[in-house]
Each structure stands twice: as C-alpha cells, then as structure tokens.
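Going line by line, the protein sequences match chains A and B.
Here the first sequence is numbered in our numbering, starting from 2 and rising by one per residue.
Here the second sequence is numbered in our numbering, starting from 51 and rising by one per residue.
Derived by calculation from the structure, the hints in this document are not laboratory data.
Even glycine gets a Cβ: it sits at the ideal position worked out from N, Cα and C.
Just so you know, not all the hints are guaranteed correct.
[Stated by the list, open to error] Listed next, the in silico SDA-like pairs over lysine to any residue satisfying Cα-Cα at most 25 Å (straight line): (1) B:504 with A:7; (2) A:7 with B:137; (3) B:600 with B:432; (4) A:47 with B:540; (5) A:132 with B:540.
[Claimed, not checked] Some but not every residue of chain A turned toward chain B, in silico, with C-beta under 10 Å: (6) 18; (7) 19; (8) 23; (9) 24; (10) 26; (11) 27; (12) 28; (13) 30; (14) 37; (15) 48; (16) 51; (17) 52; (18) 136.
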Amino acid sequence: MKLQLKELAAALNITPTTAERWIRQGRIPVRIKENHCVFSLASLKKWADANSLTYTSPGAEIQQVPENPVDNLHAAMERGGVYYNIEGGSVEEVITAGVNSITCFDTQGQRESLHESLLAREELMSTGIGKGVAIPHPRTPLDYGEIPAFITTCFLKNPVDYKSVDRQPVLVLFFLICPSSKRHLHLLARLSFCLREEEFIKFLNQIPDPAAFFKKIAELDQRFDAP
Amino acid sequence: MFFRFDDRLLLISIGALVGSCSGLAALALNRGLIAMFELLGHYRHLWWAFIMPGIGAALSSLFLEKIIKEGAGHGVPEVVYSVSRYGGLMRFRSSFSRLISSCLTIGSGGSAGPEAPVVMSGAAIGSNIAQIFSLNDRQRVALVGCGTAGALAAIFNAPIAGLVFTIEVIIGEWSALNIVPIAVASVFGAQVCRLLQGNQIAFTHLQFNIDPAVTIACLGLAVATALISIMLTRALRLSHRVSHHIHLPVWLKAAIGGCAVGLIGFFLPDVLGEGYYSIQAMVEGTFSNGLLIVVLLVFAKILATSFTLGWGGSGGIFAPCLVIGSFTGLMYHRFIEILWPGVAWVNEGCFALLGMAGLISGILQAPLTGMFLIVEITGGYEVILPLILVSAISTTLCHSFEPASFYMKDLVEKGHFLRPRTDARVLADLSVSELVEKDCIVVPKDMKLGDFVKIMQKSHRNFFPVEDERSREFLGLIHLDDIREYLFDPLLYETVFLEQIMDTQVQTVGLDDDLSVILDRMDAAKLFSMPVVANNQFVGMISKATLLDKYRNELIVQTDH
C-alpha cells in the first residue's frame, strides 16, 4: 500500500515528524520509495496493535457525531410550545397546571415524575429569578429516553407570588427540561442572555402571540451567536 | 526484492559481506605494521632512533588533520558516538584513514594498538555498505556492529571476543536481532584472516596447573590491575588535558609526544610499538627481567601510551592494555614469590595472562570482553576460573572509582552516551517539534480585557500567548490563574489592555532544545508547560502531559522487538 507521509501520520495519529523519524530509524514496518510511504497494510496494523497505536484507514474516518448537537433557544421553545392563561393562585398550582399543558411526554408516569421533581426544586429555593419570570426545572436531569431538550413557556392568567428574589409576582414560567446538565447550562445561558434585556421583559409583559414571540426569540438567538 | 521483506536474512547476508571486508582491512593493517617494523628495524639501535616515533606521530597527525580532516582519537568512542547520535552514520574516508595513521604511529614505535583503528575502519565499512543498500538506522547500527566484530575477530583471530566486545561496548543491547548478524560477521572476519594468514593463536602458552592457591592469589591481582587501570585512565586524561593547553600545531605536539616515547623506548625498548613480542615472552614465561625492572616497565608503558595517544598519535589502547596487564601480572607474580618463597606458584605466564584480562576489563569496564578475549588469544581455557574472578573484580573496582569507562567518559560528560532503551535515548529521539501543541489562541497586545474574555470562552486552554500584531513577535503569556480575579470586574473590561496583564518574564524553549534540558528547567521552575518560540515568534506550547503521552509511545516503539 502507498500513502503520503502526512496521510500515514494522520492514519496513525502521530505527527509527520515522528512518522518520518520512525521510518528512518527502522522502528516501523514502512519504507520510503519515490517520496511515498510503502507498506503492507496487514503488518502495519499488526505493528500498530503491538505498539498501543491504532491505524485508521484514510478516508474511512468515522464522522464523530457531536454528543450535543448545537441547539438554540428557538428550536427548544418550539418543541416545548407556548401556553396562555395558565390558572392557579400558588406556586404549586401554577406548576401543576403548567406540567399538565406540556405535550412532549409519552406517558403519564413521565409527567408525574417531572411534577414531583419540579416541586422538590421549588422547595429547595424558588426558581423565580426576578422581573416577573421564573424558570422551573428539575435539580438533576431526568431520564426521559429519547426526548430532546425543550422549553415550555407558560403565561399565567394572574401574576402569582413566587417568592422571587425581587419579591415581584411572576407572570411568565419557562419550564426548562433537558436530558443532560450540559444541555441545561447551554439553554440556560441563552435564556439568561435574553432576560437581561429590559426590552424583552417589557415584550413578555405584553403577552405576545406565538408568532411574535418566536420571531423575537429567533432574533435574540442570532444576536447571541453573533461574534 | 525477496531480501527487502526479510529483515533478518538481509542483515545476515550483508553482515557476512561487511565482516569479510573488515577482516581484510584488519589484515591490511597487520601486514602494514609488519612491513614498517621490518623497514625501520635496521635503524632502531642508532642513537637518533628516538625521533622515529616523533616523525611517525607527526606524519600521522598531519595526515588526519590536513588530508582526511578528521581529529585524532581512539576510534572506539567515535564509533559509539555515531551509533548513539546518528544511527551509525559514518564517513567513507573513516574506513581507511585510521589504518594509515595508526600504521604510521605504531609502525614507527608509538605506544598504541592497532585494534581500535581497525574497529573504526570496520565500523565505517559497515556503515557505508548499509548506505549503499539504503538501509534504515537500526539496520545500519547492526552493520556497524558487524564491521566492528569482523575487524576485531580478524585482528585477534578471536571471533567470540569480536562478538562480545561489539555487543557489550559498541551497541549496548543484547537482542537476537543484533547478535545473529554480528556473530556471522565475526565468523567471516576470522575466516578471512585464517584463510590468508593461517589459523594462529596470537599468544601460545604453556600448560598451567591451576590450584586453589592461584584462585586466592588472583584476588590480589584483581586489586592490582584495577589500580593500574585507574592509573592508566587518569594518566591518559591528564596527558590529553596538558597537551590541550599547550598552544602548538597539532602535528608538532604529536611529534613531541612521539619523541618522548622514543626516549623512553631508547632505554626500555619493551614499551615501543604494540608490544606483542613482549607479551609473547611473558606468557611463555621467558621474560627474564627482575621485579624492579618490571615495575619500571609498568609505569614506563603507561607514560609512553599517554604520550602517544594524549599528544595526538593515532591508535587504540587495547594493545597497550594487554602489555601493561601482562607486566602487572608479572610484577604481581614476582612480588608474591618474594612474599611467600616456599609456595610452588604456577608459572608466571599464567599471571601475565590474568593481568591482561584484569586490565582490559578494568579499562573498558567490560568484563565479558576481558574474559573471552584472553581465553581466545591465548587458548588458555584452563585458567577460566581465576580469569572470571579477576575480570569481575577489576571491573567492579574500576567502576567505583571511575563510573564511566575510559572510552565513554567524554561521551557521558557531553550527554552523547545514549544506550538503547534508556530514558536518555527516548528523550534524545523525541524532538520539540513532535510535542508542540498548536491549539493555543494567540492574542494581540492591544486587545481589551473585555474582548479577551469573549475569546477566552472559546478556548479550552489556560494559556494565551500575546504577540505584536505587526511584527508577530512573541511578547509574553497570559495565564488564567494570574488574572482570574480581574475577569469578573466589568469595570476593567474597557480600561485594561492585555499588554498590561501579560507575564513578560516567561521562560521559553526553542525548537532545537534538548528535551532533557527542557524537563530540568520545568522541574526547577515547577512549570507544567512552557511556550515554544522560534525566530521570536510563538510556535505552540510544550507540556508535561503531552510529553508523558509521547514518551510512552516512544518507549513502547523502541522496546518492541
């Protein structure tokens, strides 16, 4: 088999300098002939095995699927949906009503376990982050199988005392449900970027319709991604 | 080609060729020396004969310096150096240069041996044949070994000593891959010599009857040979140093050294030349001089050898070692005869033989070479028990006074003594360019802290090199640990420039720096990584973590066969 030095180095995951030196020193079963590395594939693979190296044929490299495909707020919110006039007079009631409106689950069991863990999280400390917004989420990612991360937005019928940090009553809930902590942080960072904007808070207080809401979110997503 | 794919067969076949060629080279030097002795023998008794070694040494030095353009030297260290550093790469001219220069030095009466020149010549023949076949470093080193073994086997008619010396001193690695072709080359070298010169044992000896008293007495002899070995090593080094500090042309220094040898030889002719005739007389037990003369001869020979080799003559220390060794053996024998006159000691030839083994083992710090060489050149297997003892004890004692053998001391001091499968070898093979990590984000010195914080979010490294945007010159390094406290103060974002917070006193390394030196610097400064800078520009980072990774890879690859 014939390869360029660079290709051979890449196939063995070593630097071309190392590959060139090993060939010169006779440590690797490869010869240089007319500026090409000549070798028998079987003996090179055997050698690589014996030397804690791996040989990956050039071109046959497995496209590594990133563990968490880049996801933006818009996509997650579209998956979760927007709901209006959620009724309830206390934290528990609005969370129960909110969870009941989420459509992303396959079974009642999943819904119940989410409900339970959301309430547990609120007992620990309120997720009301101020400015009339709360972000209910479970403490640790729950095992929901194949369900991707989603954010369900719920506009309350009446503002509720949520024990927020600024003691303001809460009008909007963002249920943030993710399969992993990394995804959770990723989406939370984007959401917090939006909530820092006074203009966005005002926009939320106007209770926008879904089309306007998603348009705005897409806009903010773009700004977040801009260098 | 069939041979290409069978490495061992290829090495054995070419090794046989190399062994034969170096055997011929050894034979050529041997014949040359005999011719020189016969030619100059008629003048030895004349009063001006003392300048003959001077003229010989000067001519040999002029030949090496002006015509061949090579420094003088013992030959063996040069071969070890080339094996250590350049995968056995040697110049073609080295395959004959030492033969001619040592023929001039020794033939005219200089106190040196023809073995080391022959070894160098054989090694160069091996190296050049390897280049003709465009072989790789590992194969070339094996062929350099083949050349060495063939040459030594031929000049002493001692194939096992050739093999053992090569493995023990030149290559330093006992692996079947090397031993087989070198053994074959040894056989071919010795065979060529036997074909053209007859199968002679260099020093025939009487039949010795070894009783336990001899074995016990040889303990004292081992101490004596060790002391004399250390003395010879130090005398040679001292003489090198003295001649180095005298500012005269090299050939003139060689001439002065040679004349000094001539003067000593005028009164004590036994110190002249390689001295094989004296050895023969001693081994046969026909050397008639008394204790005092023998003691004088030991020191005179040490002096003559120092003057010859230390002042620029060309030759090896093998033969002088054998001569001094047999003198030492004889001296010891005379001494214990006086001390215990009632004991019926074995013939003095036996002690001469043991003394040779002790001195060779002590000087080279290679006990196996000492044992096999003496057994082979004397055919005296019956003395093997005391021989092993003397060799082993002499080597051990010498090692405790001189940790590196005479040949290797300079190489060790300069860091060129790199035995296979050692830490030094692995570190010497890896270069900075193989370890440099290039995933650092380089930032300009005029960047504001606020902008830097955004860049920082995208990097997974803790280090950020700072450079001048125009000249691309490396200015300093920002380490996250140093600036962590400022990172969370938005007030500073717009007011602080990177130039103000970078560390400019950072230690850097170059692409050509030695890894062992870099590691020492990292340890001294307690650093885990350092920036690599070439032509004032940042190249990347070098870290202990990557080094460990590559070091392990290298170690596995180097020890796999």
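Status of each hint after checking the structure:
A distance of roughly 34 Å separates the Cα atoms of residue 504 of chain B and residue 7 of chain A; the hinted pair therefore is violated under the 25 Å criterion. Taking the CA atoms of residue 7 of chain A and residue 137 of chain B, the gap is about 24 Å. The hint holds against a cut of 25 Å. Straight-line distance between C-alpha atoms of residue 600 of chain B and residue 432 of chain B comes to about 52 Å, which puts the hinted pair past the 25 Å bound. In summary, the hint linking residue 47 of chain A to residue 540 of chain B is not supported, as the alpha carbons are separated by about 57 Å, beyond the 25 Å threshold.
Restraint check: the Cα-Cα separation between residue 132 of chain A and residue 540 of chain B comes to about 22 Å, which is no more than 25 Å; the hinted pair holds. Among the interface hints, the one on residue 18 of chain A holds; its C-beta lies about 5 Å from the nearest C-beta in chain B, closer than the 10 Å criterion. The interface hint given for residue 19 of chain A is met, as the beta carbon of that residue sits about 5 Å from the closest beta carbon of chain B, less than 10 Å. Against a cut-off of 10 Å between C-beta atoms, the interface hint on residue 23 of chain A holds, since the closest Cβ of chain B lies about 7 Å away.
The beta carbon of residue 24 of chain A comes within 7 Å of a beta carbon in chain B, closer than 10 Å, and the hint placing it at the interface holds. Hint on residue 26 of chain A holds. Least Cβ distance to chain B is approximately 4 Å, under the 10 Å limit. Hint status for residue 27 of chain A relative to chain B: holds, with the closest Cβ pair at about 3 Å, below 10 Å. The restraint placing residue 28 of chain A at the interface with chain B holds, with a minimum CB-CB distance near 5 Å, inside the 10 Å limit.
The interface hint given for residue 30 of chain A is met, as the beta carbon of that residue sits about 9 Å from the closest beta carbon of chain B, less than 10 Å. Taking 10 Å as the C-beta contact cut-off toward chain B, the hint placing residue 37 of chain A at the interface is violated, the least distance being around 15 Å. Restraint check, residue 48 of chain A versus chain B: the minimum CB separation of about 8 Å is within 10 Å; hint holds. Given hint, residue 51 of chain A at the interface with chain B, holds; its Cβ is 6 Å from that chain's nearest Cβ, closer than 10 Å.
For residue 52 of chain A, the suggested interface contact is upheld, since its CB lies about 5 Å from the closest CB of chain B, less than 10 Å. A hinted interface residue such as residue 136 of chain A counts as satisfied when its beta carbon comes closer than 10 Å to some beta carbon of chain B; here the least separation is about 22 Å, so the hint is violated.
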